[in-house]
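Asker: Okay, here's what each chain looks like letter by letter:
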Amino acid sequence: MIEILSRAALASVQDLGRFDAFRWGVGLSGAMDPLALTCGNILLGNEDGAAAVEMQVFPFSVRFEADTLFALTGADCAAMLDGVPLLPWSRAQAKAGAVLRLDHARDGRWRGARAYLCVAGGIDVPEVLGSRSTQLRGAIGGFDGRMLREGDRLPLGRAAGESRGTEIALVPPGLALPLEADGLPAVRVLPAAEYGRFTPASLDAFWREPFRITPQSDRYGFRLAGPGLEPVAPMELRSHGIVPGVIQVPHNGQPIVQMCEGQPSGGYPKVGTVIEADLWRLGQMPIGTRFRFLATDWDGALAALDERQAWLAEVRRLADLLSARSAAR
Amino acid sequence: MTSPLDQIPRLAALLAETGIDTLELAGPEGRVFLARNGAPAAPAHAPAEAAAGEPQGSAPGAVTVASPGIGAFRRAHPLHAQPLADEGTAVVAGQVLALLQVGALLQPVRAPSSGILAAVRREDGALTGHGDPLFDISP
Numbered sequence: 001m002i003e004i005l006s007r008a009a010l011a012s013v014q015d016l017g018r019f020d021a022f023r024w025g026v027g028l029s030g031a032m033d034p035l036a037l038t039c040g041n042i043l044l045g046n047e048d049g050a051a052a053v054e055m056q057v058f059p060f061s062v063r064f065e066a067d068t069l070f071a072l073t074g075a076d077c078a079a080m081l082d083g084v085p086l087l088p089w090s091r092a093q094a095k096a097g098a099v100l101r102l103d104h105a106r107d108g109r110w111r112g113a114r115a116y117l118c119v120a121g122g123i124d125v126p127e128v129l130g131s132r133s134t135q136l137r138g139a140i141g142g143f144d145g146r147m148l149r150e151g152d153r154l155p156l157g158r159a160a161g162e163s164r165g166t167e168i169a170l171v172p173p174g175l176a177l178p179l180e181a182d183g184l185p186a187v188r189v190l191p192a193a194e195y196g197r198f199t200p201a202s203l204d205a206f207w208r209e210p211f212r213i214t215p216q217s218d219r220y221g222f223r224l225a226g227p228g229l230e231p232v233a234p235m236e237l238r239s240h241g242i243v244p245g246v247i248q249v250p251h252n253g254q255p256i257v258q259m260c261e262g263q264p265s266g267g268y269p270k271v272g273t274v275i276e277a278d279l280w281r282l283g284q285m286p287i288g289t290r291f292r293f294l295a296t297d298w299d300g301a302l303a304a305l306d307e308r309q310a311w312l313a314e315v316r317r318l319a320d321l322l323s324a325r326s327a328a329r
Numbered sequence: 330m331t332s333p334l335d336q337i338p339r340l341a342a343l344l345a346e347t348g349i350d351t352l353e354l355a356g357p358e359g360r361v362f363l364a365r366n367g368a369p370a371a372p373a374h375a376p377a378e379a380a381a382g383e384p385q386g387s388a389p390g391a392v393t394v395a396s397p398g399i400g401a402f403r404r405a406h407p408l409h410a411q412p413l414a415d416e417g418t419a420v421v422a423g424q425v426l427a428l429l430q431v432g433a434l435l436q437p438v439r440a441p442s443s444g445i446l447a448a449v450r451r452e453d454g455a456l457t458g459h460g461d462p463l464f465d466i467s468p
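Taken in sequence, the protein lines are chains D and Z. In this text, residue positions in the first sequence follow the working numbering: the first is 1, and each later residue adds one. In this text, residue positions in the second sequence follow the working numbering: the first is 330, and each later residue adds one.
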């Protein structure tokens with residue numbers, strides 16, 4: 001078990017999401033940074049999608065009730081285990097009773113907004129519709145279908161048993177797979193169904209000008225501030241299926257990007273979709289971040305996903321190699 | 330404690346699955362050199378060149394911190410500009426002094442004892458082998 005010691009809000013149990021439930025109108029949920037969650041699980045020898053704790057408000061602390069191998073990824077929060085500093089994106093062994101404390105996210109060459117606590121064996125909450133992620137809209141999954149509170153005790157799954165003694169850390173993917181445009185972080189976008197129904201001048205500004213993530217942004221969606229998108233003619237659409245990453249344009253012309261907790265249907269016109277391979281970049285951008293949209297196409301989106309998978313495969317290979325080496329000692 | 334020699338059959342088996350034809354392992358107890366396919370022979374068991382706690386051309390009483398693995402020597406975490414430990418500052422036993430980088434992986438180098446980080450014996454970014462002297466810590 002691990003016990004939540006913080007009153008800090010907005011932490012939840014997440015995995016890679018609830019993929020097969022769209023047909024029942026149940027959205028994806030899952031980690032805002034699936035790459036960080038996967039990396040933490042690789043460090044521990046878990047399944048890639050083992051459930052973890054996503055934290056987004058700091059300081060945050062937990063107590064380990066038993067000896068636990070864990071990994072911390074995502075935002076660099078100057079984490080301490082019983083007062084001893086931990087490396088960012090590393091795995092460590094906690095003794096029974098040890099307290100892990102994360103401070104506010106630090107500035108660095110890459111800055112994240114969300115941190116992930118993965119444990120050997122994963123957080124063992126029941127699967128609901130094929131996933132352990134917390135779905136806030138429907139109050140299902142995760143820990144009682146809600147955000148975590150002080151005093152909650154989370155059950156841990158059985159660890160794989162294999163010794164993974166050597167201490168290792170990872171170069172954060174924000175550095176290993178950087179994406180910038182004109183000095184600002186960027187995400188790649190595929191044009192969506194109503195793309196051609198906005199004025200060329202406003203589309204030109206959409207690609208050229210930066211957007212800022214406003215405080216009205218959370219796991220459900222990011223409301224952006226930037227150049228407005230103007231429809232050639234007013235659009236009224238019927239509700240249709242949407243997925244995380246879809247960039248909707250409400251009447252005020254300021255885009256909304258649907259994020260993990262986004263609803264599975266909507267009626268606003270869509271100018272584009274942030275590609276799956278880049279959603280983690282957006283998911284880690286703190287409120288106030290200025291970033292750019294970069295145009296891509298279907299092949300570009302698939303190539304980006306391949307690049308991400310290749311990087312993960314290399315991380316997995318090296319982590320297994322070093323772990324096997326320490327086990328052989 | 331088991332002898333590293335006990336691991337040779339396992340290492341040979343692992344080696345056979347790869348394209349690698351020589352393997353050298355150096356540690357505090359000695360060095361093991363495995364070769365196949367007629368690769369040149371080398372001393373099978375020689376004393377290790379460097380190990381933690383063994384001063385080597387350094388100030389008397391200083392402890393040499395030996396590399397615990399292989400990789401590029403990194404004084405700072407890639408996220409930060411500031412070195413993990415500055416020359417001339419006090420360090421405590423167990424503190425991370427540097428990192429060894431292999432691809433996306435970072436392995437910490439920890440201080441074996443408390444003291445003053447008297448000397449940095451390796452260039453930032455230099456390729457480092459097991460047992461290479463990295464720092465001197467004076468008591």
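It is worth saying that the hints were derived from the structure and are not from the lab. Be aware that a few hints might be false.
[What the hints assert, rightly or not] Part of the chain D face toward chain Z, derived, beta carbon under 7 Å: (1) 92; (2) 108; (3) 113; (4) 175; (5) 177; (6) 316.
[Said to hold, decoys possible] Each pair of labels, with its calculated beta carbon distance range: (7) D:93 x Z:343: 17 to 27 Å; (8) D:233 x Z:431: 25 to 35 Å; (9) Z:423 x D:19: 36 to 46 Å; (10) Z:421 x D:214: 38 to 48 Å; (11) D:137 x Z:423: 51 to 61 Å; (12) Z:409 x D:306: 27 to 37 Å; (13) D:290 x Z:467: 14 to 24 Å; (14) D:191 x Z:337: 40 to 50 Å; (15) Z:439 x D:290: 31 to 41 Å; (16) D:290 x Z:405: 43 to 53 Å.
Think of the CB as a built atom: it goes at the ideal place given N, C-alpha and C, for glycine as much as any other residue.
Asker: For the range 40 to 50 Å, tell me whether the beta carbons of residue 191 of chain D and residue 337 of chain Z fit it or not.
Answerer: Between residue 191 of chain D and residue 337 of chain Z, where Cβ atoms are some 60 Å apart, the hint is violated.
Asker: Lying within 36 to 46 Å: is that true of the beta-carbon distance residue 423 of chain Z to residue 19 of chain D?
Answerer: 43 Å, holds
Asker: Holds or violated: the hint that residue 92 of chain D contacts chain Z, with Cβ atoms closer than 7 Å.
Answerer: It is violated, given that the least Cβ distance between residue 92 of chain D and chain Z is near 10 Å, above 7 Å.
Asker: Holds or violated: residue 113 of chain D as interface residue toward chain Z, Cβ cutoff 7 Å?
Answerer: 15 Å, violated
Asker: Measuring from the C-beta of residue 316 of chain D to each C-beta in chain Z, is the shortest one below 7 Å?
Answerer: At about 10 Å, which exceeds the 7 Å cut-off, the nearest Cβ of chain Z leaves the hint on residue 316 of chain D violated.
Asker: Please check whether residue 421 of chain Z and residue 214 of chain D have a Cβ separation lying inside 38 to 48 Å.
Answerer: Once the Cβ atoms are compared, 44 Å apart, the range 38 to 48 Å for residue 214 of chain D and residue 421 of chain Z holds.
Asker: Within 43 to 53 Å or not, the Cβ separation of residue 290 of chain D and residue 405 of chain Z?
Answerer: Violated, since residue 290 of chain D and residue 405 of chain Z (Cβ atoms, about 27 Å apart) do not stay within the stated range.
Asker: Given the hint of 51 to 61 Å, check if residue 137 of chain D and residue 423 of chain Z actually sit that far apart at their C-beta atoms.
Answerer: The hint (51 to 61 Å, Cβ to Cβ) is violated, given that residue 137 of chain D and residue 423 of chain Z are roughly 45 Å apart.
Asker: Should the hint that residue 409 of chain Z and residue 306 of chain D are 27 to 37 Å apart at their CB atoms be regarded as holding?
Answerer: 30 Å, holds
Asker: Interface hint check: residue 175 of chain D, Cβ to nearest Cβ on chain Z, cutoff 7 Å. Holds or violated?
Answerer: Since chain Z brings a Cβ to about 5 Å from residue 175 of chain D, closer than 7 Å, the hint holds.
Asker: Would the hint on residue 108 of chain D be counted as holding, given a Cβ-Cβ threshold of 7 Å to chain Z?
Answerer: Since chain Z brings a Cβ to about 4 Å from residue 108 of chain D, closer than 7 Å, the hint holds.
Asker: Tell me if the interface restraint on residue 177 of chain D is satisfied: Cβ within less than 7 Å of some Cβ in chain Z.
Answerer: Because about 10 Å separates residue 177 of chain D from the closest Cβ in chain Z, which is outside the 7 Å limit, the hint is violated.
In the structure shown, a violation is registered for the earlier hints numbered 1, 3, 5, 6, 8, 11, 13, 14, 16, in ascending order.
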